[in-house]
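Peer 1: Given the coordinates of chain A, assemble chain B onto it according to the supplied hints.
Residue numbers (this note's numbering), protein chains in the order written: chain A, 13 to 318; chain B, 13 to 318.
Any given hint could turn out to be false.
Unchecked claim - With a straight-line Cα cutoff of 20 Å, these simulated PhoX-like cross-link-like pairs (lysine-lysine) come out: (1) B:K316 x A:K207; (2) A:K207 x B:K194; (3) A:K194 x B:K207; (4) B:K17 x A:K207; (5) B:K49 x B:K316.
These are computed hints drawn from the structure, not numbers from a lab.
There are 2 protein chains.
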Amino acid sequence: MNQIKLFSPATIANVSCGFDVLGLCLESVGDEMTITKTAQPGIRITEIVGTDLPLEAEKNVAGVAALALLAHLQPDCGFEIRIVKNIKAGSGIGSSAASAAGAVFGINQLLGAPLTNKELVHFAIQGEKLASGSAHADNVAPALLGGFTLVRSYEPLDIITIPSPNELYVTVIHPHIELKTKDARSVLKENIPLKKATIQCGNLGGLISGLYTGDYGLIGRSLHDELVEPIRSILIPQFDELKAAAKTAGALGGGISGSGPSVFALSKGKETAAKAADAMSAIMLQTSVPFDVHVSPINPTGIKIL
Amino acid sequence: MNQIKLFSPATIANVSCGFDVLGLCLESVGDEMTITKTAQPGIRITEIVGTDLPLEAEKNVAGVAALALLAHLQPDCGFEIRIVKNIKAGSGIGSSAASAAGAVFGINQLLGAPLTNKELVHFAIQGEKLASGSAHADNVAPALLGGFTLVRSYEPLDIITIPSPNELYVTVIHPHIELKTKDARSVLKENIPLKKATIQCGNLGGLISGLYTGDYGLIGRSLHDELVEPIRSILIPQFDELKAAAKTAGALGGGISGSGPSVFALSKGKETAAKAADAMSAIMLQTSVPFDVHVSPINPTGIKIL
Chain A
13 MNQIKLFSPA
23 TIANVSCGFD
33 VLGLCLESVG
43 DEMTITKTAQ
53 PGIRITEIVG
63 TDLPLEAEKN
73 VAGVAALALL
83 AHLQPDCGFE
93 IRIVKNIKAG
103 SGIGSSAASA
113 AGAVFGINQL
123 LGAPLTNKEL
133 VHFAIQGEKL
143 ASGSAHADNV
153 APALLGGFTL
163 VRSYEPLDII
173 TIPSPNELYV
183 TVIHPHIELK
193 TKDARSVLKE
203 NIPLKKATIQ
213 CGNLGGLISG
223 LYTGDYGLIG
233 RSLHDELVEP
243 IRSILIPQFD
253 ELKAAAKTAG
263 ALGGGISGSG
273 PSVFALSKGK
283 ETAAKAADAM
293 SAIMLQTSVP
303 FDVHVSPINP
313 TGIKIL
Chain B
13 MNQIKLFSPA
23 TIANVSCGFD
33 VLGLCLESVG
43 DEMTITKTAQ
53 PGIRITEIVG
63 TDLPLEAEKN
73 VAGVAALALL
83 AHLQPDCGFE
93 IRIVKNIKAG
103 SGIGSSAASA
113 AGAVFGINQL
123 LGAPLTNKEL
133 VHFAIQGEKL
143 ASGSAHADNV
153 APALLGGFTL
163 VRSYEPLDII
173 TIPSPNELYV
183 TVIHPHIELK
193 TKDARSVLKE
203 NIPLKKATIQ
213 CGNLGGLISG
223 LYTGDYGLIG
233 RSLHDELVEP
243 IRSILIPQFD
253 ELKAAAKTAG
263 ALGGGISGSG
273 PSVFALSKGK
283 ETAAKAADAM
293 SAIMLQTSVP
303 FDVHVSPINP
313 TGIKIL
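Bound conformation, chain A alone (with noise of 0.2 Å):
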């Protein structure tokens, strides 16, 4: 096999209380990849469509987490990676990571998977690095893995996959306003309370233990970030008002989709997950500014080969 061709899914990091550690992975919103072996050794970024993104390997999430991976298993050839980009860059869902992940998971592929997926995320991270400035796992690891994933330790790495019920279904939209993951991060802060972080814990073992249960009301009644939320939503003008329209539309709850802008909420069903993508779009229609949604369900493995 000479060349792979993928749909490297869209993920949400940051679920809610689950700040820098949980992620999940998105079934109908994805990028599609190309990935080539070639006599030449190194990586050409051959072609970026959809969007405006550089080429040359080394200023290129795709590329850094390919050449980090070649770094290290060191194969005789090369590779020519094109993207077709259908998430957008700075929506919030990972689209640093799809790219990443994409480039990792299709190289290994086809030099016969010398390394598991849950060992991809390491080289996976270095294109996030790149993109944000922190190599995070919480978007790559639900990329390659599927479901959610628990970065349970960072040093080492430590990821961890949870099951999740079958009707637990997200809705995601993307008002189209610029914010940065940088400055995302620039508008937290260094302490917090120790009583905060008390009240973070209790959610995050009340949603982990939900998913593992699939306890739908204990998922929703734990959807509350604590510590980032509150802060951070203030840089997204409907964040108050999309998050409720999807709760009062039937949503268990909801959240900021990585660093945002793009708003989040998870419901039981495919139904009510419709309805608050309706209530949030009603919401967005209200402004100036420009949306897209999707709803879907959790992807239970992944990148796909297509």
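Peer 2: Just chain B, lined up with the frame of chain A:
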């Protein structure tokens, strides 16, 4: 039924990364309580064997918890409580919680169980408030419900029971030094770095995941308290040596039991837990500090009717 005799178990709160939210119930250590329905209204503590605690109901943790329950249920009778205290006060394995939980459990049973054990937590924590100045639930919840319990939230009170694998054993050693819960609380810092809260969340998520899946390795890797243990352990002279000895003996990990001075370790299998007990005892024998040590499986059901 006019009289009930109970075994009210010791418990471990602040299970490592589960500071203030995660507790567990022991099987082999506990108080014996006898509760008798009386025509005379109110609560009378008739005797406390084995320790020197106040008998006035308003000054006794069992009495305060019982009075809170009576105020809610308004029965046309009263209760006498006799306690044989096997759990030493100030040991850090839930001595006050056992009394408070046992009192409300017994009274509820004698009244035909109008409330669930989960509902009783609300009344038992009134006893904890008297004992430590904080109405914490992470001892009374596992005493009443058994197993591991997560305090998902205090407002409103939301307790989640977490399963644990069958071969999980607890070793707990109690150095006989005085360490008041109030003092152990006063050394804590009010503010902590966000970065550390995130590390704590990762570990708590990992621990809960390991408990659900029976992944002993993950349980062990997750037993890391970033927030409280580094500060509070200074108050327990042999802490580092005790923890290291348990791990060298094969324990998965451990930490401070409650707010100390007891130190606990979790192990896979009774044999390893006993080895950890021997190793921790050897450390204590190098000092002149008396101690006792217990090995126990996780108690799956909590308080037992004898």
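Peer 1: Hey, B:K49 versus B:K316, does the alpha-carbon distance stay inside 20 Å?
Peer 2: Roughly 18 Å between the alpha carbons, so the hint for B:K49 and B:K316 holds.
Peer 1: Sort out whether A:K207 lies within 20 Å of B:K316, counting only the CA atoms.
Peer 2: Not satisfied, since the Cα-Cα distance of roughly 34 Å exceeds 20 Å.
Peer 1: Checking one constraint from the list: CA of A:K194 to CA of B:K207, max 20 Å. Satisfied?
Peer 2: holds (16 Å)
Peer 1: Is B:K17 close enough to A:K207, meaning Cα to Cα at most 20 Å?
Peer 2: Answer violated: B:K17 to A:K207 is near 38 Å, above 20 Å.
Peer 1: Assess, step by step, whether the Cα of A:K207 is no farther than 20 Å from the Cα of B:K194, and give holds or violated.
Peer 2: Given pair A:K207, B:K194 holds - Cα atoms ~16 Å apart, limit 20 Å.
Hint check: violations occur at hints 1, 4; the rest are consistent with the structure.
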